[in-house]
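All chains, full assembly: derive it from the sequences and hints.
Residue numbers (the numbering used here), protein chains in the order written: chain Z, 1 to 411; chain W, 412 to 924.
Source of the hints: derived by calculation from the structure; they are not laboratory data. A portion of the hints provided could be inaccurate.
[Said to hold, decoys possible] Have a look at the derived ranges for each label pair, beta carbon to beta carbon:
#, chain 1, residue 1, chain 2, residue 2, range
1, W, 765, Z, 246, 46 to 54 Å
2, Z, 246, W, 755, 33 to 41 Å
3, W, 755, Z, 13, 33 to 41 Å
4, Z, 134, W, 849, 26 to 34 Å
5, W, 860, Z, 314, 53 to 61 Å
6, Z, 175, W, 715, 38 to 46 Å
[To be verified] Simulated pairs of lysine to aspartate or glutamate, DMTMM-like, Cα-Cα distance not exceeding 25 Å:
#, chain 1, residue 1, chain 2, residue 2
7, Z, 3, W, 658
8, Z, 76, W, 764
9, Z, 76, W, 749
10, W, 533, W, 510
11, Z, 347, Z, 115
12, Z, 101, W, 764
13, Z, 101, W, 749
14, Z, 76, Z, 153
Quick reminder that beta carbons are idealized off the backbone N, C-alpha and C, glycines included.
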Amino acid sequence: MRKVVVTLLLPLLLVTGGCWDQREINDLAMVVATAADVVHEAGNEQVRLTLQIANPIALVPGQGGGGGGGGPGAPKAFWTVAGTGRTVRAASLSIVERIPKPIFFGQDRLTLVGERAARLGITPLLDRPLRNRETRRSMYLAIARGEAKRVLEVEMPTFRATGLAISNLFDLEGGRQAIMPVDFGEFAYNLSTGTTSPAAPVVEVVPQTSISAEDRKSLGAVPQAIKVSRVAVFSPGGKLVDFFDEKETLGLMWVLNKIKTREIIVPCPVEGPVEPVVMGLVRSKSRIIVHLEKNGLPSFEVKVRTTCDLWEHFGTHPGLLTPQYYESLERRVNTSIEREIMHTVRKAQSLHADVFGFGEEVKRQHYPEWKRMAQDWPEIFPVVKVTVKAETGFRHRGLSVEPVTARKEHR
Amino acid sequence: MRYITRKNQPSQPLPDEQILGQKLDSNLQVNMEYLEQLLDGCSDAVIRKFKFGKGRDIDAALLYFDGLVLKTEAEDSILRPLMLEFDLMENTPETKAADMYENVKERLLVVTDLLECDTFDKAVQHLASGDAILLINGYDRALVAGIRSWEGRKTESPDEEVLIKGPKEGFTETLRFNTALLRRRLKTSAFKMEPLQIGRLSKTNVVMCYVKGIAAESLVQEVRNRLQKIDIDAVLDAAYLEEIIAEHHYSIFPQAEHTERPDRVVAHVLEGRVAIMVDGSPWVMVVPATFPQFWISPEDYYMGYIPASFIRLLRQVAFFTALLLPSIYVATITYHQEMIPTPLLLTIASSREGVPFPALVEAIIMEITFEFLREAGLRMPRAIGPAISIVGALVIGDAAVAAGLVSTPMVVVVAFTGIASFIFPVYSAGIAVRLARFPLLAMAGFLGYFGIMIGLILLLVHLASMTSFGVPYLSPLAPANANDSSDVLVRRPWWTMKQRPRMFSPINRVRQE
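Dropping the structure here:
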């Protein structure tokens with residue numbers, strides 16, 4: 001009998017301790033984006049943390065700003081709140097005092113770091129999110145031109161929260177043009193190697209371009225928009241060194257396998273009027289091969305294999321009818337890719353920033369030699385020899401065989 | 412010779428139990444006195460005393476229970492031959508008085524099913540079972556004429572186990588009809604139907620069906636032993652027997668399959684199982700039962716194996732949905748908010764805005780409300796049925812949400828779970844899942860996913876430790892058997908099912924060459 005009673009009571013032990021972690025979903029202040037700046041305040045450098053917090057009440061249909069912006073006085077769907085402190089944690093504590101609900105970082109999709117904070121060193125800002133078990137390492141990291149807080153304060157016409165809009169942009173448009181998404185974990189890993197220079201995309205606040213001059217006058221202030229492109233390059237120690245321009249960013253994206261699709265514009269390979277041919281990248285895959293030279297230094301061979309479609313081809317030349325024409329197109333694409341990558345390599349070497357992770361590749365492929373050169377890597381990287389080899393396969397020319405204006409005499 | 416002395420003093424009545432223990436007397440008058448005493452108060456007993464023979468000198472009595480025998484049959488095949496045709500018989504040497512009883516038995520009674528009995532106990536039992544009893548003065552035996560016939564439900568299509576394709580016949584309350592339904596489907600003498608009688612008062616006829624040569628002897632013997640050991644005053648349904656003969660008395664999971672479909676019973680006995688039929692109930696019990704068989708419907712075998720496999724997978728998904736969906740929902744929104752995609756999380760958070768209860772309490776309220784609705788809908792007189800659905804749909808679904816008492820996602824989750832729990836082809840398995848859901852919900856509310864895992868592990872340990880007549884409850888999944896389990900998760904095509912499942916019977920495994 002006693003046994004039965006004990007057996008029945010045992011499961012209750014589970015319950016006695018239970019519930020301490022329980023948090024009702026509507027009792028959480030859900031952070032969707034964070035911006036970290038370093039500001040000069042009260043005589044010393046302070047961390048200013050800006051949180052973009054969702055306000056579910058405003059999302060209830062039929063109440064508040066459910067239909068969109070909502071009228072004046074209606075609760076806003078997202079709330080941007082800032083606090084300062086000596087560290088990230090201290091700054092977030094100063095926010096806690098002003099919010100009725102516990103702050104929840106589990107849904108944070110984006111961390112923005114201000115330019116000044118990045119130049120002073122990003123490491124102190126990364127520790128708290130990395131240590132906090134709520135934060136996800138898959139959230140995006142981006143560097144703001146100027147103050148990060150300003151980015152979160154931009155009002156987006158289509159999105160309720162700037163932070164969500166930017167992370168959405170990375171989800172959908174990442175890998176196109178010069179948009180290179182970098183997630184938090186990846187950035188932190190690169191930083192942890194001590195040799196690789198981490199890079200992160202750059203977010204800027206720009207004036208909205210689609211608004212005419214008259215409208216601008218009537219609106220008073222110029223509406224602002226967000227632009228995401230290019231990358232910011234850090235030193236292996238975590239300080240912002242320089243910004244890559246779009247071309248350099250594209251070269252980096254080839255090597256890091258971050259390109260999903262893009263167009264490559266090459267000149268028409270036949271003599272005569274030079275019309276550009278637009279090739280569309282379908283897929284690409286790059287590989288870094290490390291060779292050890294006789295002098296003990298490594299040299300790097302970057303191999304890029306791509307497949308391209310023909311996206312645009314206009315003009316008078318009906319060249320697509322001959323296979324030689326395809327081959328010369330492929331050659332031109334190869335040259336274009338190789339040039340882009342080499343351009344970035346030279347820039348990176350001049351910055352002494354191993355953004356490609358060449359050092360990591362040496363470590364993986366030639367570990368004993370790497371142990372010898374690891375110490376001197378910052379001196380070795382700028383002088384290593386890098387060759388690029390691109391191989392392009394032409395896949396599809398679309399529905400039209402040749403441009404409609406192709407002239408007969410060329411046939 | 413105590414009773415001989417007694418017969419001359421009938422004024423001192425014996426207690427009923429003593430009479431039942433006695434043999435029939437050769438004196439009709441004594442027999443009748445005793446029988447009249449036994450049948451005292453049985454207003455449905457019919458006693459017809461008459462005389463027959465050349466000189467109307469032989470006393471006889473016909474007894475039966477009204478409503479259990481076919482009256483015309485009693486008149487045409489018992490009374491008429493004795494009262495009229497006895498006279499027409501030639502007075503051959505064989506028809507001497509000494510052979511009179513034999514004559515009646517051999518030549519006069521036009522009844523196919525004719526037995527004899529010689530005790531009061533047997534006589535009353537036959538009487539109560541619907542036989543007619545003929546007593547003739549001078550003989551200490553009674554003739555039992557099996558002319559049973561009563562009003563019963565006709566064979567209809569089963570109400571609870573509805574199929575689109577496949578046979579539409581279902582069992583009825585009459586055991587004899589039911590055995591006929593089975594015999595028609597298995598025209599072999601190897602299909603055995605062993606009779607048993609269970610119930611001190613009810614004397615219920617129970618039939619144990621199996622195919623000799625397929626069902627393992629040990630299993631048949633075990634079922635027989637367990638049935639014979641039962642001591643109960645009445646058996647009104649096979650479920651009585653399940654509870655008594657099952658191995659695990661504390662489990663919520665069904666340990667026998669109950670079906671009202673003859674085709675299903677035949678399919679089971681052909682795999683080496685034993686079916687137990689109980690007179691008076693259209694539900695036939697099949698043992699041993701294993702857990703995976705509860706998501707198998709006979710219809711799976713009446714349609715193509717590809718659609719059948721799809722539906723079977725659907726049922727497995729429904730099983731886990733019915734068991735886990737509310738728990739997962741509660742655990743996710745109270746402990747694991749980071750696992751929900753942001754837009755979905757915001758939607759849920761906005762709909763929970765203003766709900767006064769924690770998610771766990773909200774879930775329990777909604778689940779119990781749903782159980783109320785389900786039970787009420789089941790027991791309600793048919794005419795008020797629609798009222799329940801209106802109340803359920805409007806009050807629970809709409810008004811409660813509009814009033815801010817529950818959140819919309821919770822209503823969706825509970826509705827989804829409810830629908831999923833109806834998918835089971837075997838009703839009792841659905842009930843087990845309905846029950847198991849509540850402890851899991853509590854675990855999820857207290858400990859999150861960790862609690863769900865603990866609950867699931869406990870459930871698995873329980874299921875894996877069970878056996879049904881020696882067969883592991885999770886077989887053929889655990890212990891794993893490749894041949895048997897290939898027809899559990901999906902439906903195996905008929906042309907590949909060359910062997911019977913090994914779990915029930917090791918003998919005669921070849922189904923087709």
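These are the hints, each one checked on the structure:
no.	hint	in the structure
1	W:765 <-> Z:246: 46 to 54 Å	holds, 49 Å
2	Z:246 <-> W:755: 33 to 41 Å	holds, 35 Å
3	W:755 <-> Z:13: 33 to 41 Å	holds, 34 Å
4	Z:134 <-> W:849: 26 to 34 Å	holds, 30 Å
5	W:860 <-> Z:314: 53 to 61 Å	holds, 58 Å
6	Z:175 <-> W:715: 38 to 46 Å	holds, 45 Å
7	Z:3 <-> W:658	holds, 21 Å
8	Z:76 <-> W:764	holds, 15 Å
9	Z:76 <-> W:749	holds, 23 Å
10	W:533 <-> W:510	holds, 24 Å
11	Z:347 <-> Z:115	holds, 21 Å
12	Z:101 <-> W:764	holds, 13 Å
13	Z:101 <-> W:749	holds, 16 Å
14	Z:76 <-> Z:153	holds, 13 Å
Comparing the model with each numbered hint stated earlier shows that all of them hold.
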